[in-house]
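Since chain G is already given, all that's left is putting chains X and W on it; use the hints.
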Amino acid sequence: MLAQLTAKVLQTAVVLLIVSVASFSLLKLAPGDPVTLMLGSEYSQDTYDDLTRQLGLDRPVPEQYVTWLGDFVSGDWGQTYASRTDIFTFIVTEALPVTLTLTFFAILLALGVGVPLGVLSAVKKDSAWDVAAAVFALTGTAFPSFFLGILLIWFLAVKLGAFPVMGFVAPWQDPWGGLYHMVLPSLTLSTYFIGMIVRMTRATMVEVLEQPYIAAARARGEPEWRVIWVHGVRNILMPLVTIVGLQLGGILQGAVLTETVFSLPGLGQMLTGAVLGREYGLVQAGVMLTATLFILVNLLVDLSYPLLDPRLRPRS
Amino acid sequence: MANGMIDHKAILASRLAAQLGRRSLLKGFGAAGLLAAGGGLLPGEAKAQQAGHLKIAALKHIDTLDPHFTFFLSAVQVINNIHNGLLKIVYNGETVTFEPDLAETWDLEDEVTHVFKLRPNVKFHDGTPCDAEAVKFSLMRVKTGTPASPHAWKLALLNEVEIVDPLTVKLHFEKPYAFLPVALNGSTGRAGTIVSPAAVEKYGADYGRNPVGTGPFKFVSWKENDAIELEANPDYFEPGLPKVEKVSFMFVDEASTAVAALVSGQIHGMNDCPMQLVQQVKNIPSVTLYGEIEGNYTYVGMNTRKAPFDDVNLRRAVAFAINRDTVIKQAYFGLAQEAYTPISPPMSGYFDPDIATSGRGHFFDLEKAKEFRAKAANQDPIEVTYLMTERNAIGTRVAQTVAPMLAEIGITVKLELIEPAAWVQRMKEGNFEMLDFDWVADLDPEETLYPEFRSDGSWNYWGWVSTKFDELCAQASVELDVEKRAAMYHEAEDLLMDEAPIAMMCHLPIYKVLSKKVEGFEYVPCDLMNLHTVSLA
Amino acid sequence: MTATDTAPTAPRRAGMMRRRPFFTLASLVALGFVACAIFAPQIAPYPPTLQSIDAMMQPPSAAHPMGTDSYGMDILSRVIHGARYALLIGLSSVLIGAAGGLVLGLVAGLSAGWVEWVMLRLIDSILALPSLILAVAFIAILGQGVDKVILAVGLSLIGPFARTVRADVLQVKVQLFVEAAGLMAIPRLAVIRRHILPNVIFPLCVQITIRISEAILVSSSLSFLGIGVTPPTPDWGLMISEGRGFVSFAAWMSGMPGIALATLLIALAIVGDGIREEFDPKLRTGR
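As you go down the protein sequences, you meet chains G, X and W in turn.
In terms of the working numbering, the first sequence opens at residue 1 and continues consecutively.
In terms of the working numbering, the second sequence opens at residue 317 and continues consecutively.
In terms of the working numbering, the third sequence opens at residue 854 and continues consecutively.
Think of the hints as simulated: they come from the structure by calculation, not from any bench.
One or more of the hints may lead you astray.
Said to hold, decoys possible - To be clear about the criterion: a stretch of chain G counts as covered by chain W if any three or more of its residues have a C-beta under 8 Å from a C-beta of chain W, and this derived list gives those stretches:
{"hint": "1", "region": "3–15"}
{"hint": "2", "region": "95–104"}
{"hint": "3", "region": "128–139"}
{"hint": "4", "region": "142–151"}
{"hint": "5", "region": "217–226"}
{"hint": "6", "region": "272–281"}
{"hint": "7", "region": "287–297"}
All C-beta atoms, glycine included, are put in the ideal place defined by N, C-alpha and C.
Bound-form chain G, shown alone:
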């Protein structure tokens, strides 16, 4: 057990090392540098050299990397070049909670819509319901989220005035305001999850409904809703939890666009901005954080994998 744990930790460390080297070199390969961007258009060569020296960007790239790595590991994440924001505060206490909140509500919404829809399709397998749910799910997954976001803003927020257009309000400070501001963004992001959850739910539920204990429950004369919503759903919970976890690992994917359209100060917007602004330290820290998140969640998924895929369960 200890050996396994050591191996895992070692693996994770190596992956993070590769990720950090890769993102650092990718960024350094890209033309343009933060100083040029910071200076706007009006500057002199002296100012440029001065700033470059101040930021330590005049030193050889490998040295810069090693310095960064040392600082990062020892907990000093540094500051952004242009606005001198503390990177740790920015990422961990400002950006991450936004993206987590957005993803949390999106997944909640997706579960609320996706699970009943999936169960319904499984129960009424091959009916018109089933087909409609499947098409709905696919439409949701495939619909470009930035386009959906624009449509939602103009129809629900502007024309109907039903929701705020943009911005983030922390739900832990103002529960109602927070929820209210999250409706449109989480709706936009959730379409991406709904499809997956419907399919997952349907597939597992079909299998569960063929199990002997379902037949037994029916034989006991339990009402059909109980058979399905209690005995049935109980057995798809674990795989659902796993798929939610998996999605959390890839949290940034959809969040980038949703955050841009709704002007939310989250990780996705931060990272794209950081890449374009050549904020090396910020990109590094952001990438490390998302990579760690990804690895951790995958570890959990690995552990629960037998539960996710019934085929991996020992068959009797």
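Only chains X and W this time, still in chain G's reference frame:
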């Protein structure tokens, strides 16, 4: 000149007034009338009653709130609400003038000595006094501070800051420095902005995230990608001001999202309005759009250091082949004004009101363009690469509009889009053939021409060299007579236009948007967003 | 999803079109887009980048059935030509991703010891980097344009492909015929070519059909963020992005390409899903 009888300040004032005038009288009267009416309604209050939370969308990048280190006007908009300067820019609807701000009076002892008497009892937000020491500290921080301020050149002629008494400072200059008010208040950095010495001491390089001034609003917080929050300074020295309790500058990358938020009433204004959204904003009944043509110009720049644009005739051909009407309609949504030469309409005394019929500068004349094209060394079809980027709201529009026009003179344009960081780099390295660019927020012909096109200037990305141009500009900068000075700048401009390292395009209006609920906004045509007089209905 | 096939048999496959009406419909739609892409110059009423100062931002009319954009370019023509770019970008980038993934997945799946360990960590690392961010970084290095977008999206897809290929290789590797071949001392490359590749390629092809829509989505997202293809290329993502400033009074400018993009993506997703359910051996045995 040295007899002390000359009223230097009057010369300065008339010169600046001449430069910055040209505002319609009608408008001036309108604004004055409003002010008078407003004054009559004001109760004689001793202390301001602040109410309301004003939310402004900040569409443009804000780098730092340190006035001595910023490179962006969008940052100055916020800085100006937190700090005061020795002087301030005042606009009466007709002319822009510089008036004492933290100073009570501003006089010239002789042509090289400026005397400022400060307002008594002004305190910084941290409680420390704003006195002669603080003024000296701030000016020296710009001139010789470490790290070096990029705006140090504006005070290069300053020899000494003499503290006469706690409320009097004398600035001794090496030469008559008529450019001083512009240097203190102009372009991006605010060299004449006074910061709290105690706060600089305390925060060091992080002052830009913890600014402490004397202004109408105190800095509260700055959350990256989210918002900058300010709150009213109850001890502000102008009685009855400010009127709103809180101000948020909310960062919004997506301008169309900001407009949607404005329509739905979620925010009260925008610190900019990208041109493609102007029509849409004008159609919103609940908001007011502010904006006039400012001191700026846009152009297509050509790299004179390498083929094909090392050929002056080819550059001239380009300059006359661009149909400005079409560019204005398609790229600038009909909102810009055709530019024949760099000197902008607000610089009166220097701007030629008859420029359109004078034959000077660049304009659309396809016949002329074809004549120059026929003189070009390379008579074969030429392919050039035009670098574009999504740098601002206009982004790639100019390039897309100009490209088909150059086909008319046998130049095939290949549009190459790269992201902003790479674009800036390639422009500064001179690794391009053509691209479009602009110079904005200029108050004086000196700053609109000389640093941009000086042969060894670091902003001269086009690699154009003309010693005659350099000489003319250098002479003009010490000439006090407006007419003579204007003649020199016109000659310099003509040289520039004739050799055409750039093809002139347009002068642009710069916009601000505020909800009609916001009352009392004083528009200043220098891309400012001063909110001290504003109240929320 | 409509599959009732507890025991699928070859003859039944012929009836797929009939059993799956949505699949059929979606295939027709997708084919329609393919036709648009191939015959774009013939079908489109105007050249896709022809500007007209007299016809800027016109609503849909007889002359311009989908209206015009802010340069006076005909949106219908641009949408039709846009199909070309969408499919070109989607297909080429997926092929790049699949090729890279195949190589990486094969090496990882077939190697052992420290090579395998390193390969696995490499794949993990690629997966751990968020792919849109990866694409942005590649664009920053390569520059913008159709070819660059194809490369950037393709490179960012290598990770997911490598993972599925490796899983398939592992599955094949434990099967008897491969072990037997190994025991019979048949050269390694021959084993790969004869036994492993055929078993890996098929699920890979299924993956390719599924991922085309993802690739198109990523590329249009890049264009939307302003770091994709070069205007005035008639790219849907770019058109949506350009038109979003005019939504309130010229909704057709981003609406038309938006509908085209959504329709194609949904059609491709349904087609891909149908193909997977019908042909994926894993799903078949699972039922």
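Now the hints, each set against the structure:
Counting residues of the region 3–15 of chain G whose CB lies closer than 8 Å to any CB of chain W gives 3, which reaches the minimum of 3, so the coverage claim holds. With 0 residues bearing a CB less than 8 Å from a CB of chain W, the region 95–104 of chain G misses the requirement of three and the coverage assertion fails. Evaluation of the coverage hint for the region 128–139 of chain G: fulfilled, as 6 residues show C-beta separations to chain W shorter than 8 Å, against a requirement of three. For the region 142–151 of chain G, the stated coverage by chain W holds: 7 residues have a C-beta nearer than 8 Å to a C-beta of that chain, and at least 3 were required.
Under a criterion of three residues with beta carbons nearer than 8 Å to beta carbons of chain W, the stated coverage of the region 217–226 of chain G fails, only 0 such residues being counted. Counting residues of the region 272–281 of chain G whose C-beta lies closer than 8 Å to any C-beta of chain W gives 3; at least three are required, and the coverage claim holds. Counting residues of the region 287–297 of chain G whose CB lies closer than 8 Å to any CB of chain W gives 5, so the stated coverage by that chain holds, three being the minimum.
The structure fails to meet hints 2 and 5 from the earlier list, while all remaining hints are met.
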